[in-house]
Amino acid sequence: MNRRADFPLLVNNPGLHYLDSAATSQKPRAVLDALRDFYENSYANPHRGAYALSVEATECYHRARLTVARFLGVADPDCLIFTRGTTESLNLVAGSWGRANVAAGDEIVVTALEHHANFVPWQQLALEKGATLRVCELTADGRLDLDCMSGLLGARTKVVAFNHVSNALGTINPVADIVRLVRGKSDAAIVLDGAQSAPHFRVDFDRLGVDFYAFSGHKMLGPMGSGGLIGRRATLEEMPPWQTGGDMIEFVYDDRTTWNVLPHKFEAGTPNAADAVGLAAAVDYLDAIGMDAVLAHERSLMADAEARLQQVEGMRIYGPPVGERSGVISFTLADVHPHDLATILDGEGVCIRAGHHCAQPLMRRLDLSSTARASFYLYNDQSDIDALVAGIMKAKEIFATA
Amino acid sequence: MRPPESSAQTAALYQEMILDHYRRPRNKGTLESADAVAEMKNPLCGDEIVIEVAFDGDGVADLRFSGKGCSISQASASMMTQLVKGKSAAEIALLRTRFRDLMLGDLSAVDDATLGSLRSLSGVARFPARVKCALLAWNALENAMSRRG
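Chains D and S, in that order, give the protein sequences.
To convert, note that position 208 of the first sequence is 209 in our numbering; the numbers rise steadily by one, no gaps.
To convert, note that position 87 of the second sequence is 76 in our numbering; the numbers rise steadily by one, no gaps.
Be careful, since some hints might not be right.
DSS-like mimics (lysine-lysine), calculated; alpha carbons at most 25 Å apart, straight line [to be verified]:
#  : chain 1 : residue 1 : chain 2 : residue 2
1  : S       : K121      : S       : K74
2  : S       : K17       : S       : K30
3  : D       : K397      : S       : K57
4  : S       : K121      : D       : K397
5  : S       : K76       : S       : K17
6  : S       : K121      : S       : K17
7  : S       : K74       : D       : K395
8  : S       : K74       : S       : K17
9  : S       : K121      : S       : K30
10 : S       : K57       : S       : K17
11 : S       : K121      : D       : K395
Ranges of calculated distance between the beta carbons of each label pair, as one might list FRET restraints [what the hints assert, rightly or not]:
#  : chain 1 : residue 1 : chain 2 : residue 2 : range
12 : S       : L93       : D       : A45       : 28 to 36 Å
13 : S       : T86       : D       : W260      : 53 to 61 Å
14 : D       : W260      : S       : E131      : 50 to 58 Å
15 : S       : A82       : D       : N14       : 37 to 45 Å
Since the hints were made in silico from the structure, they are not lab data.
Remember, it's a predicted structure, so these values are computed and weren't measured experimentally.
Beta carbons: idealized from backbone N, C-alpha and C, even for Gly.
Given only the sequences and the hints, what does the whole structure look like? Please build it.
In structure tokens:
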């Protein structure tokens, strides 16, 4: 699979080796065209006007929801709330469901593998409510320790929040096993951070068994500022609104307000319809290729890259074996600091991330201040791995002089 | 896209002197009795530095640094401690200004002998993402200096 030609930024920068898709993905022409088409032919404020153009914009927005809902396996499209991305989605759950359901003495379980976006909202909710935040620890090879998780669960557990795939290590978490564990020992709401799963493999919300699933559009070829939260209808209907304003209301009286139906109850103000349309185009693009083909391509690249990196002296790769990870190789190279490595690789046209990957609780447990992270997507190919390895050898050469 | 710095410029950034200070940092550790301690973190990368200072009147009698970081932040800290030891607060403030000039690409600072070995860091100015690394120790020192009794 060589998809590079579909991505204008990669076409415009032939020497560029973009290996930072876990941070954000590049955009195919189909997405850029869909955005332009919406703005040029269908643009007005949805849900407002009686005129045909507003109706057209409303329909575009609605169709985008149907497309994305189908892609993520949720049969009831009203249960897909469009948000600015995973961070906003998780804050929505913590701010609405969490505030209404978590009280003093309750417990919230998160994991040591979380991105700050699925850690800090729960920590702050616990502080606000006088609840206790419990952190599930990891095994030595960077998996969630399910025995530890089991020990944390109980009648007081109100929320269990974890990621589908770790952005820092690429660990794929066993959702079904964790759901079974949680359901067997508590009545907790299960919140799944899908930022790193939706872009890379088929997700079927209705079969996951979780209560909430959050994802980011910009990591799955869609526009920045797009993304969503999926929940179950009964849960979403019980939840209080999160933000208030236009569109999310039914009737407003001087002393009270009644709320609009799903999904509008959670989409206050003018919706970001254009980026939802762009996200739908991204999803159509991925669907046309097939998520199984995307996954197979990435797995083959990852296995190849990992095998070559492992031959480099001083290389240390973190997390479980490559077959149990998705999209990410997190590593350190002898005493070359990840930031120095990223700068040297940049000189070779290779974009990687260096740092704590917004996962400071994890890094502290690994006794690291940072790692270098190369992450892969469908537009990467063998030349990107060649450039990565060549850049790493160059860094070794530079640092060998001292 | 602004093209990244070339391979040659990247190699030139990592002068032997920088790597020497990275591998063999001077004045790394802690003081028996420090008059002021300041910690500075770079939240972007998680790097952190602690500067301990013993004052002598208005100046710095001795200082140490500790913490983790990239070669740029560690070398900058190491060279800085060598340069400011025994200098007055006014001299240090001037050096800090000159070092900032250097990081902003001011060519006159490259020729400023008062900066000593720190001039080997002049290449950092080409890498805006790395200037913060080079300034980390200086910002920590500034905090420590402001805590003088």
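Status of the hints after comparison with the structure:
1. S:K121 x S:K74: Holds, because 22 Å separates the two Cα atoms, which is no more than 25 Å.
2. S:K17 x S:K30: Within the cut-off at roughly 17 Å; holds.
3. D:K397 x S:K57: holds, 20 Å
4. S:K121 x D:K397: holds, 24 Å
5. S:K76 x S:K17: holds, 18 Å
6. S:K121 x S:K17: holds, 20 Å
7. S:K74 x D:K395: Roughly 36 Å separates the two Cα atoms, so the pair is violated.
8. S:K74 x S:K17: holds, 13 Å
9. S:K121 x S:K30: holds, 10 Å
10. S:K57 x S:K17: holds, 11 Å
11. S:K121 x D:K395: Given pair K121 (chain S), K395 (chain D) holds - Cα atoms ~24 Å apart, limit 25 Å.
12. S:L93 x D:A45: 28 to 36 Å: The hinted range 28 to 36 Å is violated for L93 (chain S) and A45 (chain D), with Cβ atoms some 47 Å apart.
13. S:T86 x D:W260: 53 to 61 Å: holds, 58 Å
14. D:W260 x S:E131: 50 to 58 Å: 52 Å Cβ-Cβ, so the 50 to 58 Å window holds.
15. S:A82 x D:N14: 37 to 45 Å: holds, 43 Å
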